[in-house]
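Peer 1: Modelling step: build the complete structure from the supplied sequences, incorporating the hints.
Chains as they are written, first to last, in full-length UniProt numbering: chain Y, 1 to 193; chain A, 1 to 193.
Keep in mind the hints are simulated off the structure, nothing from the lab.
The beta carbon of each residue, even a glycine, is placed where N, CA and C say it ideally should be.
Treat the hints loosely; a few may be bogus.
Using C-beta positions, here's what the derived DEER-type ranges look like [claimed, not checked]:
(1) Y:P98 to A:L16: 46 to 52 Å
(2) A:D129 to Y:T66: 56 to 62 Å
(3) Y:L147 to A:D70: 28 to 34 Å
(4) Y:V92 to A:A13: 37 to 43 Å
(5) Y:K95 to A:A107: 40 to 46 Å
(6) A:I12 to Y:F168: 49 to 55 Å
(7) A:A114 to Y:S182: 30 to 36 Å
(8) A:P101 to Y:P98: 32 to 38 Å
(9) A:L16 to Y:P165: 55 to 61 Å
(10) Y:P165 to A:V21: 50 to 56 Å
(11) Y:F168 to A:V21: 32 to 38 Å
(12) Y:E160 to A:A107: 47 to 53 Å
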Amino acid sequence: MDFSHYLLILLSTVLVNNVVLVRILGLCPFMGVSKKLEASIGMGAATTFVLTLGAGSSHLINLLLTAAGLEYLRTLSFIVVIAGIVQFTELVIHKTSPVLYQVLGIYLPLITTNCAVLGIPLLNAQEGHTFAESLVFGFGSALGFSLILILFSAMRERLEGADVPAAFKGTPIALVTAGLMSLAFMGFGGLVK
Amino acid sequence: MTSLLLALLVMIALALLLGAVLGFASVRFRVQGDPLVAKIDAILPQTQCGQCGHPGCRPYAEAIADGSEDINKCPPGGEDGIKKLAELLGVEFKPFAADAPQPKPRAVALIDEATCIGCTLCIQACPVDAILGSAKMMHTILASECTGCELCLAPCPVDCIRMIPVGTDLTNWKWRYPTIPIKSVKTPAEPRA
Numbered sequence: 001m002d003f004s005h006y007l008l009i010l011l012s013t014v015l016v017n018n019v020v021l022v023r024i025l026g027l028c029p030f031m032g033v034s035k036k037l038e039a040s041i042g043m044g045a046a047t048t049f050v051l052t053l054g055a056g057s058s059h060l061i062n063l064l065l066t067a068a069g070l071e072y073l074r075t076l077s078f079i080v081v082i083a084g085i086v087q088f089t090e091l092v093i094h095k096t097s098p099v100l101y102q103v104l105g106i107y108l109p110l111i112t113t114n115c116a117v118l119g120i121p122l123l124n125a126q127e128g129h130t131f132a133e134s135l136v137f138g139f140g141s142a143l144g145f146s147l148i149l150i151l152f153s154a155m156r157e158r159l160e161g162a163d164v165p166a167a168f169k170g171t172p173i174a175l176v177t178a179g180l181m182s183l184a185f186m187g188f189g190g191l192v193k
Numbered sequence: 001m002t003s004l005l006l007a008l009l010v011m012i013a014l015a016l017l018l019g020a021v022l023g024f025a026s027v028r029f030r031v032q033g034d035p036l037v038a039k040i041d042a043i044l045p046q047t048q049c050g051q052c053g054h055p056g057c058r059p060y061a062e063a064i065a066d067g068s069e070d071i072n073k074c075p076p077g078g079e080d081g082i083k084k085l086a087e088l089l090g091v092e093f094k095p096f097a098a099d100a101p102q103p104k105p106r107a108v109a110l111i112d113e114a115t116c117i118g119c120t121l122c123i124q125a126c127p128v129d130a131i132l133g134s135a136k137m138m139h140t141i142l143a144s145e146c147t148g149c150e151l152c153l154a155p156c157p158v159d160c161i162r163m164i165p166v167g168t169d170l171t172n173w174k175w176r177y178p179t180i181p182i183k184s185v186k187t188p189a190e191p192r193a
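Peer 2: So, in structure tokens, the structure goes:
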């Protein structure tokens, strides 16, 4: 397992198997928090934090569950553990680094129970990733999520001023745009096997 | 049966562990904040006018909380504000000092647009960003944002800002707080038969 292996995982999660556009996970923050660029940056940072932490911690929990032969408890225990650990980290950050706490803000507890945050650890468990691979997979997925969220919010800010037919104003045109973006990202398919 | 018990045990252990960690963290990483300051700040009118001698409402709230300042220094809050502060802090009601700034009827600033030279000095003075304009352009005041703090009057080099009292009309009329005068009742010398 050399460095290029991890780089490939990172590249594949950011561009090829993007968590929003290809795996269609985490659509609620994608639609809900992409109206303003600043909000989407905060959400991206919080998601990166939670997903990396969640991927690592749930890998350890998965080891425990597999050893006890309780794989069917994955969904339940992953979300409990991720929520608990994120809450713990939030308390620590609040005490030690008020600036970071301000940046992550309300998004940190909000993102904890997001489907992408649950989905990535489950994918990790399914594909039998090692601890380091899980971390890179989680971090890469979160980077991909942040990238799409920020790109999309920049587009959405422009859409506000565009002359859209009345029936398409607001969420409909946003969904159409997301679909077109997803098509564009299919161009990356086959970049990484 | 044993696998069911095992699953139960694992989940209970997980929940207990997380609960203990979170409980420990909430005690160990408690953020020291003075809740009293926030409560006082909530009562103050947030005009940021500085008539109390502090640079804003929050510094005044902090001064009240540590006991270095009286509660009767906030003219925009009016006597109602002093009453609420007295109730919160459990001290006697104090009227405004005779030589201190007195409460006035609510007013908004108005720029005489013919006289305005576009110097932007009032924009810099406004604590709530209620003045619009740029250099050598006419300025105007957002009446809905203006708190009537009069801070823009002093810096204006051509004295083109006036305070216009706001009359009561259907849009801003409010019920008055019920005032029930408390009279001292003399105890009758002897109860009636």
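Peer 1: Verify the CB-CB distance for D129 (chain A) and T66 (chain Y) against the hinted window 56 to 62 Å.
Peer 2: 58 Å, holds
Peer 1: Note whether the CB distance of F168 (chain Y) and V21 (chain A) lies within 32 to 38 Å or breaks it.
Peer 2: 49 Å, violated
Peer 1: Indicate whether the distance between the beta carbons of I12 (chain A) and F168 (chain Y) respects the range 49 to 55 Å.
Peer 2: 52 Å, holds
Peer 1: Between P101 (chain A) and P98 (chain Y), does the beta-carbon spacing fit 32 to 38 Å?
Peer 2: 35 Å, holds
Peer 1: 30 to 36 Å was suggested as the range; check whether the CB atoms of A114 (chain A) and S182 (chain Y) agree with it.
Peer 2: Violated, since A114 (chain A) and S182 (chain Y) (Cβ atoms, about 57 Å apart) do not stay within the stated range.
Peer 1: In this structure, is the beta-carbon distance linking L16 (chain A) and P165 (chain Y) contained in 55 to 61 Å?
Peer 2: For P165 (chain Y) against L16 (chain A), whose Cβ atoms are near 57 Å apart, the range 55 to 61 Å holds.
Peer 1: If I claimed the Cβ atoms of P165 (chain Y) and V21 (chain A) lie 50 to 56 Å apart, would that claim hold in this structure?
Peer 2: 53 Å, holds
Peer 1: Check the following: the C-beta atoms of L147 (chain Y) and D70 (chain A) are separated by a distance inside 28 to 34 Å.
Peer 2: Cβ of L147 (chain Y) to Cβ of D70 (chain A): about 55 Å, so the range 28 to 34 Å is violated.
Peer 1: Quick check on a hinted range of 40 to 46 Å for K95 (chain Y) and A107 (chain A), using CB atoms only.
Peer 2: 45 Å, holds
Peer 1: Is 47 to 53 Å respected by the C-beta to C-beta distance linking E160 (chain Y) and A107 (chain A)?
Peer 2: At 36 Å between Cβs, range violated.
Peer 1: Do V92 (chain Y) and A13 (chain A) keep their Cβ atoms within the hinted range of 37 to 43 Å?
Peer 2: 23 Å, violated
Peer 1: Taking the beta carbons of P98 (chain Y) and L16 (chain A), is their distance inside 46 to 52 Å?
Peer 2: 31 Å, violated
Violated hints for the displayed structure, listed by number in ascending order: 1, 3, 4, 7, 11, 12.
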